[in-house]
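K.L.:
Residues per chain are reported as follows:
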Amino acid sequence: MSARFLVRKVAQSALTIFAIVILNFFLFRMMPGSPERVLLRNPNLSQRVIEETRKRWGLDKPLIPDQLVAYVQSTFRGDLGYSLKFRGKPVTEVIGERFWPTVILIGLAEALAITAGLLIGAYAGWRRGGAFDRAGNGMSLILYSMPYFVIGMPLIIIFAAGLGWFPTSGMTTSGGGSAGGISVFFDFLRHLVLPLATVTLGLIGGYSILMRSSIIETRAEDYVTTARAKGITDGRVLRTHAFPNAMLPMVTLIAINLGYVVGGAITAEVVFNWPGIGTLTVDALSARDYPVLQGIFLLLSVCVVVANLVADILYGFLDPRVAS
Amino acid sequence: MTIVTTDPARSPGPRGEPGGPRGTAIRPSRLRGLRETVGRFIARTDGLAGAVILAVFTVLALMPELFVGPLETVVSATGASLEPPSAAHLLGTDELGRDMLNLTVHGARISMTIGLLATIITIAVGAVVGIVAGYIGGKLDIGLMRVTDFFLVLPTFVLAIILAPILLDIIGAEAEILGIRATLLVIVVVIGLTSWATTSRVIRSQVLSVKERMFVDRARVIGTGGARTMRRHILPNVVNLIVAQAVLTFAVAVFTETTLAFIGLGDPFAPSWGQILSAAQAAGAPGLRAWWYIAPPAVCVVLVVLAFTLVGNALDDILNPKSGGRR
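Residue numbers (this note's numbering), protein chains in the order written: chain A, 1 to 324; chain B, 1 to 327.
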């Protein structure tokens, strides 16, 4: 891979992130009267206090360039402002607390969905038109049409409220902390099962559908015909010749999807009240906590841009034609 | 991944596409081309099944009153709270005592209307950007494609979540534009603004190939202006693609509307399916095992999204030279 390709891709990503920061700034200045409006909620404020606060916050300076420059500077320093809902806690702290629950849930779900989705898609595509293909691809299309909460709510009705096998919501049983290490862990696992199943099912469809069409395309390639002509068994042609080549487009999809891991499966987290970034997004939305929303958007955008960059570079390695 | 971002849209349907009368000797006229397309579409069972489902829901959306009477409100609710299905209420009632069958049928109108309007915006923006960028080319093309790529990378669903309350703050939640309530309008605009990029990419690549054809050169030589050429010569040749893309976008729009409504951005006075499910979640229906509150709207959402995807995939295979040619 040429160094020029690498430099160009990195520069593009840096530019995109910069553009996102600027978009973020203007998005939240578009609102009428904000952020002064937050101040003016208190009718007892004297004009003098308002003036002083405006000065302290730098709101007396012009929007461009002073306020913009100040915003960009503090953003790159890692200062994302303060939450409105959580009583002035720094946004980075608010988001940080919700980070791991989401990464564990979505990370595990991605791993399961990628494994299952690729296998189902590959086998369905290889035996195109067969019974497995029809069942597998049909199921995938149906799952692909289901939002997370449409998968999660029936799971709660059946396995939590109905059979009572799993808890309906949360990540831990409150007040159960005294029992000691191992039972706390099992409690966590019991809470994890249903959300994990929901997100996994929601993700499988996309992977399996794309893998299937990728395998179908690969199957028509000359090298697959050659491998067959050499007398290699059908299963081995699939495993050693078709599958690795069909993985090429999948690598991009997987890398890009991993960028979304921090964003969480918002509606899945809401249904199970999982204390991750997804529920935080919805809580911040209903409280109109713009600094937190802004922070989540920024974090997710950066992750997605970086994931795209990784995808491009990986693809350049795997398929040198792209990078030349 | 919450929204349908990746490209299974591009993937072939469950069954292979039959060859169709492709190699006919005479160049088919436009009417024959249409008949051929319809013929090939009917031969695809999956696309046809999707079309039938959509026809049923379209009828429900056009005249819900005919089937279940006017939309029930808190005041006109006919049942008790959370009644399971019975002869009086075939699909039970919600926590306010409203008949679920009534709500679900009326939800069709709201969900499909929002989906339709969002699709129109998405396709209009995407088509204009794609055609202009592809036809004019040069610096304008590079600039427009930069913007497109930016929107392709952005996590559009979270952007939509942020944009919706901001837009509501600006225009005011009580406002009505063209008789549509602001809350719904904001959802429409937000879906449109965040999902046009794919369409413009797809259309631009087709325009690039169309504009090299002889009849475009001929039009240019006899002095046809740029705008007229795009309208009269380029547009008709990418309209196939626009139709296929519009159907696929419709699926995404209904899906996104449902999700946005579920997390609280919907309009309580205009219960779309997502809004009903949001109310069900708020009322604790899953924990109360009130399956009749969840199943009807959920099944409808899945059926409609699935149907649009099936029809869109079938049309895409038939109409899009790129995906059709690979088999």
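Any given hint could turn out to be false.
Computed far set for chain B versus chain A, every beta-carbon distance over 10 Å [claimed, not checked]:
1. Glu36
2. Glu65
3. Val153
4. Ser205
5. Val239
6. Ala280
7. Ala285
8. Gly287
9. Ala295
10. Leu306
Cβ-to-Cβ under 7 Å is the rule here; a few derived chain A residues that face chain B [what the hints assert, rightly or not]:
11. Asn44
12. Ser46
13. Gln47
14. Ser145
15. Pro147
16. Met153
17. Val306
Calculated directly from the structure, the hints in this document are not laboratory data.
The beta carbon of each residue, even a glycine, is placed where N, CA and C say it ideally should be.
K.L.:
Confirm or reject each hint.
P.N.:
Now the hints, each set against the structure:
| no. | hint | result |
| --- | --- | --- |
| 1 | Glu36 | holds (24 Å) |
| 2 | Glu65 | holds (27 Å) |
| 3 | Val153 | violated (6 Å) |
| 4 | Ser205 | holds (17 Å) |
| 5 | Val239 | holds (25 Å) |
| 6 | Ala280 | violated (7 Å) |
| 7 | Ala285 | violated (8 Å) |
| 8 | Gly287 | violated (5 Å) |
| 9 | Ala295 | violated (8 Å) |
| 10 | Leu306 | violated (4 Å) |
| 11 | Asn44 | violated (24 Å) |
| 12 | Ser46 | violated (26 Å) |
| 13 | Gln47 | violated (25 Å) |
| 14 | Ser145 | holds (4 Å) |
| 15 | Pro147 | holds (5 Å) |
| 16 | Met153 | holds (5 Å) |
| 17 | Val306 | violated (10 Å) |
When the structure is compared with the earlier hints, violations turn up for hints 3, 6, 7, 8, 9, 10, 11, 12, 13, 17 and for no others.
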